[in-house]
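One-letter residues, chain by chain:
There are 4 protein chains.
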Amino acid sequence: MNTENEKNKDWRGKLHEIIYEANTFAGKAFDVGLLIAIFASILVVMLDSIDSYHQKYGTLFSVIEWTFTGLFTVEYILRLVVIKHPLNYVKSPLGIVDLLALIPSYLSIVFIGSQSLLALRALRLMRIFRIFKLGRFLSEMKFLTVAISGSLRKISIFMLTVLTLVVILGSVMYLVENKENGFSSIPESIYWAIVTITTVGYGDISPVTPMGKFVASFMMLIGYAIIAVPTGIITTEMAAAARNKGFHHQVCPGCGREGHDQDAKFCKYCATKL
Amino acid sequence: MNTENEKNKDWRGKLHEIIYEANTFAGKAFDVGLLIAIFASILVVMLDSIDSYHQKYGTLFSVIEWTFTGLFTVEYILRLVVIKHPLNYVKSPLGIVDLLALIPSYLSIVFIGSQSLLALRALRLMRIFRIFKLGRFLSEMKFLTVAISGSLRKISIFMLTVLTLVVILGSVMYLVENKENGFSSIPESIYWAIVTITTVGYGDISPVTPMGKFVASFMMLIGYAIIAVPTGIITTEMAAAARNKGFHHQVCPGCGREGHDQDAKFCKYCATKL
Amino acid sequence: MNTENEKNKDWRGKLHEIIYEANTFAGKAFDVGLLIAIFASILVVMLDSIDSYHQKYGTLFSVIEWTFTGLFTVEYILRLVVIKHPLNYVKSPLGIVDLLALIPSYLSIVFIGSQSLLALRALRLMRIFRIFKLGRFLSEMKFLTVAISGSLRKISIFMLTVLTLVVILGSVMYLVENKENGFSSIPESIYWAIVTITTVGYGDISPVTPMGKFVASFMMLIGYAIIAVPTGIITTEMAAAARNKGFHHQVCPGCGREGHDQDAKFCKYCATKL
Amino acid sequence: MNTENEKNKDWRGKLHEIIYEANTFAGKAFDVGLLIAIFASILVVMLDSIDSYHQKYGTLFSVIEWTFTGLFTVEYILRLVVIKHPLNYVKSPLGIVDLLALIPSYLSIVFIGSQSLLALRALRLMRIFRIFKLGRFLSEMKFLTVAISGSLRKISIFMLTVLTLVVILGSVMYLVENKENGFSSIPESIYWAIVTITTVGYGDISPVTPMGKFVASFMMLIGYAIIAVPTGIITTEMAAAARNKGFHHQVCPGCGREGHDQDAKFCKYCATKL
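Chain order of the listed sequences is A, B, C and D.
Just so we're aligned: 115 in this note's numbering is position 100 of the first sequence, and the numbers increase by one with no gaps anywhere.
Just so we're aligned: 260 in this note's numbering is position 245 of the second sequence, and the numbers increase by one with no gaps anywhere.
Just so we're aligned: 221 in this note's numbering is position 206 of the third sequence, and the numbers increase by one with no gaps anywhere.
Just so we're aligned: 67 in this note's numbering is position 52 of the fourth sequence, and the numbers increase by one with no gaps anywhere.
Just so you know, the hints here were simulated from the structure itself, not pulled from any lab data.
Note that the structure is predicted; figures quoted are calculated from it, not measured.
It is possible that some hints are incorrect.
As the list makes no split between identical chains, a pair holds if one copy fits it or if it spans any two.
To be verified - Using 20 Å as the maximum straight-line C-alpha spacing, the simulated SDA-like pairs for lysine to any residue come out as follows:
1. K194 x D219
2. K106 x I34
3. K194 x Y68
4. K157 x L167
5. K194 x V223
6. K99 x I241
7. K29 x Y91
8. K157 x T179
9. K43 x R142
10. K99 x H31
11. K157 x I170
12. K194 x Y35
13. K194 x D66
14. K71 x G165
15. K194 x Q70
16. K194 x G73
17. K43 x W26
18. K106 x R168
19. K71 x P202
20. K194 x P225
21. K157 x A255
22. K99 x E195
23. K157 x F173
24. K194 x L135
25. K194 x H69
26. K194 x T224
Kindly generate the complete structure, drawing on both the sequences and the hints.
Written out as structure tokens, the structure is:
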């Protein structure tokens, strides 16, 4: 019984390595295979959403979708089985996404029309970032993550400023422009302010009165200037990350000074061997 | 009477601490509570501006608005009472905003329609930046303020250049394009030039003649290049601010001044060994 | 006669100082006065270009315009008289602009309709940059000029790349999209490509066929990425300009090392008095 | 026969120098002449694509186009003849482009309508970058190439993130918005998501329902923030390239290697005093 238990463990351990890790060849193959399946399933959902294709190949798409749903269900169950604490996986972001990608298919049996929720399967594309955990992209990925997470607090202050700004400017525009010109309510005007300040500019709503155009011009110039702020934040953070990457580990044993390049063999200040 | 005066002082002092400061628990609670009230009141004004909601819940919204107006009036009076120099508060930007947020409600009794000015209450959202004065956002907020205020003069030169450019290019476009294509006057053409150079591009006015399209293409490429300037300005300033931030821990033991480089061995002001 | 000549010189010299220089009070006053006159004349031209105003106040505007034309003519003649080499002024950019601002008024006597060329008077706004030559903006102005002129060659390579790109992508789009959807000729398609790659996006021409939308999506993502290039160029150049500004003049007389802050009194490496 | 062979070699060698190199006067002249011919041929194709010109000057354009096709055919054959390994040229990017520019003319004899493929001749504009290989632009060109190729891996991670994002957000929008409002299929919604997140914003498709506008606002603000990422990447890389550029004059007298910091006293590779 002990050996059987061990065998069992071994069997689960191997599967765990294949499904959750990416160090072994089987693990990599599983990850790549999964990604291809995700891509294919999303492609089918995409094509099925086009009316003309749906009418021609609707049944075929339906069969393929159910096949993928079956595969992904098996994968989900395997993930639950081979992990020690299944609840941790279920509650993790990727676990929630994996479940979200399965539910719509089963829901569509009961509720007709909920099949369109299959579009949520696109969320599984987030697994693509697992590829970057392999090989040469690792350090670049880490660099970007460090730089962006380091600037998150500043970016959130910026975003809150922009949000306050669009609420105020949207309200002002609601007062200035006529209701007939698309600025029919404050939320609508705020939507317009966001479209304007981010320089998207659909043109579905645009100022018509001279006063409205004047206020809008003012807003655009503000938007033009403040777009520089997030760029400045991230660039500064990246420069800091790049500097740290190159330097901070090497301290000269002779004079104790830092700042040596990564390929330096001797201290540039006192010529001690590093 | 002396004790009563002291008590009175004490009572006013405590209220001052609650309303104007944010160091104590009561002060923080007041600030957060006020922000929630501001958010709620703005939400009501927003919803009330949507026609269908206004027709259904107009009376309810009216009651809530008057309740908030009452609360904010009490808050405004308290702010006047507990401060030593009430006029300083009245003349301060936040004081003006607080008053602007109150007036429309009272005006609406006399002038029907002025209620839409309630949208100005959105200006009170500026109080949100008081939150950042608390805790961990303080240094980030300070960093952004230093970098932006440090680049204000350069940004204003840039803005003046852009304004000159849009006046010139708008005038040229007025000459080049037909009046029927939306370029009906020079101010209108300048509005178009701003929409174009800031890359917003509503499309409400767009060049129609080949010559107009050629000039517009030229303008767009210019706009594409010069958007780099404010970004460059702010990034450089932020990099400088980030560098300074790195310095500020070193205090000279001789003269007590800060701001030394990280590789400095002697104080640059008094030559004391660091 | 000698003294008269001297007087004459003196008289011309003084006027030269007032008109061309900005060091004396009179010189500054002349510059500011001239700018106000330019602003006012442009404002009149602007208002006159609005049909409803033109019909009401057309005659008044005409009188004001002729007054300004008279003033500017006197100014132009004075500039010719008080300068040693009048041809140099006539051939200088500002001289050409000053003349261009005068011609339309006189032309309008002969050719009816050429009055709209008055819009060219906006070019005279370029004189506004003379203000920055005064006082505190001088160093900021110089900083921006150095950084931008230093990056001109790189920016021009970038612009040529963008131009090549829009010609190629415009041609591809002309092949891909139907002529009925606005892509009626290659120049038209190139115009669309510029509108797209600069993220202006009027929407006067937009892809309709699936293939066209695919190619356009590709172009937009390219445009999204390459907008980073001019920003990078100018930021790097500005950082270099900022670094040079702070440092490069001070060399320690004791140890010969550079890199001292501008407010440093002692060398940070060897404590020698700077 | 030996001398004839040598003569032959010499003749081919000289032509090779003229056609492929740009060091001699003849080589430069050939490059410039070729560029002018390319420009002229593209201009003719452009003008021919405009209907009104085509009807008037169609025959003339046809003659000029065939002349250029003849010239470029001769050039292509010469390039094949004078090079040692013709296949290498045929398979090189420029070789493929050169062939692509020739085929449409000859195809148009057999298939009517394929003449519009002549637009592909615009691809030959890529030869313009050969100019930068001459003279003063060389180092700037190298600088930009180093910086951009150094950031390619990071940019590709960013692009993949953006692509994942637009697929997810496009799918969400397909669920949220009505099919009648332009979000008729998932690919269509993804196209809209790209138009929005790159801030192009044609307005051919724009959200109509309140929920759709809310989701779109969210997307625009995301797009506003993440545009900072490629800029940050390229700026950091350029700053690094600029720093390296500053180093390259210091060559170690001991080992002859470059790349030392400006404050280095000893070679970091062999500890020789600099």
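Right, here's what the structure says about each hint:
Taking the shortest alpha-carbon separations for K194 and D219, both the intra-copy value of 14 Å and the inter-copy value of 17 Å come in at or below 20 Å. Taking the closest pair of Cα atoms, K106 and I34 come within 20 Å of each other only inside a single copy of the chain (17 Å); across copies the shortest separation is 42 Å, beyond that limit. For a Cα distance limit of 20 Å, the shortest separation of K194 from Y68 across copies, 16 Å, qualifies, whereas the shortest one inside one copy, 42 Å, does not. Within a single copy, K157 and L167 get their C-alpha atoms as close as 15 Å, and across copies as close as 15 Å, so both meet the 20 Å cut-off.
Within a single copy, K194 and V223 get their C-alpha atoms as close as 11 Å, and across copies as close as 16 Å, so both meet the 20 Å cut-off. Taking CA atoms no more than 20 Å apart as the test, K99 paired with I241 passes in neither setting, with 49 Å inside one copy and 37 Å between copies. For the homomeric pair K29 and Y91, the shortest alpha-carbon distance inside one copy (16 Å) is at most 20 Å, but the shortest distance between copies (60 Å) is not. Taking CA atoms no more than 20 Å apart as the test, K157 paired with T179 passes between copies only; the shortest distance there is 19 Å, against 33 Å inside one copy.
For the identical chains of this complex, K43 and R142 are intra-copy neighbours only, at 13 Å inside a copy versus 42 Å across copies, given an alpha-carbon limit of 20 Å. For the homomeric pair K99 and H31, the shortest alpha-carbon distance inside one copy (9 Å) is at most 20 Å, but the shortest distance between copies (57 Å) is not. Proximity of K157 and I170 under a CA criterion of 20 Å is satisfied in both settings, with 19 Å inside one chain copy and 14 Å between copies. Taking identical chains as interchangeable, the C-alpha atoms of K194 and Y35 are never at most 20 Å apart, the minima being 56 Å within one chain and 39 Å between chains.
For the identical chains of this complex, K194 and D66 are inter-copy neighbours only, at 10 Å across copies versus 37 Å inside a copy, given an alpha-carbon limit of 20 Å. For a Cα distance limit of 20 Å, the shortest separation of K71 from G165 qualifies neither inside one copy, at 51 Å, nor across copies, at 47 Å. Taking identical chains as interchangeable, the C-alpha atoms of K194 and Q70 lie at most 20 Å apart only when they sit on different chains, with a minimum of 16 Å there against 42 Å within one chain. In this assembly of identical chains, the alpha carbons of K194 and G73 lie at most 20 Å apart only when taken from different copies (18 Å versus 45 Å within one copy).
In this homomeric assembly, K43 and W26 come within 20 Å of each other (Cα to Cα) only inside a single copy, at 18 Å, whereas the closest approach across copies is 57 Å. In this assembly of identical chains, K106 and R168 lie within 20 Å of each other by CA distance neither inside one copy nor across copies; the values are 26 Å within and 32 Å between. Taking identical chains as interchangeable, the C-alpha atoms of K71 and P202 lie at most 20 Å apart only when they sit on different chains, with a minimum of 17 Å there against 42 Å within one chain. Both within a single protomer and between protomers do K194 and P225 lie at most 20 Å apart by alpha-carbon distance, with minima of 15 Å and 17 Å respectively.
Proximity of K157 and A255 under a CA criterion of 20 Å is satisfied in both settings, with 14 Å inside one chain copy and 18 Å between copies. Taking the closest pair of Cα atoms, K99 and E195 never come within 20 Å of each other, the shortest separation being 62 Å inside a single copy and 48 Å across copies. Taking the shortest Cα distances, K157 and F173 sit within 20 Å of each other only across copies (13 Å), while inside one copy they are farther apart (24 Å). Taking the shortest alpha-carbon separations for K194 and L135, only the inter-copy value of 17 Å comes in at or below 20 Å, while the best intra-copy value is 37 Å.
Taking the closest pair of Cα atoms, K194 and H69 come within 20 Å of each other only across two copies (14 Å); inside a single copy the shortest separation is 41 Å, beyond that limit. In this assembly of identical chains, K194 and T224 lie within 20 Å of each other by CA distance both inside one copy and across copies; the values are 11 Å within and 17 Å between.
The earlier numbered hints that this structure contradicts are 6, 12, 14, 18 and 22.
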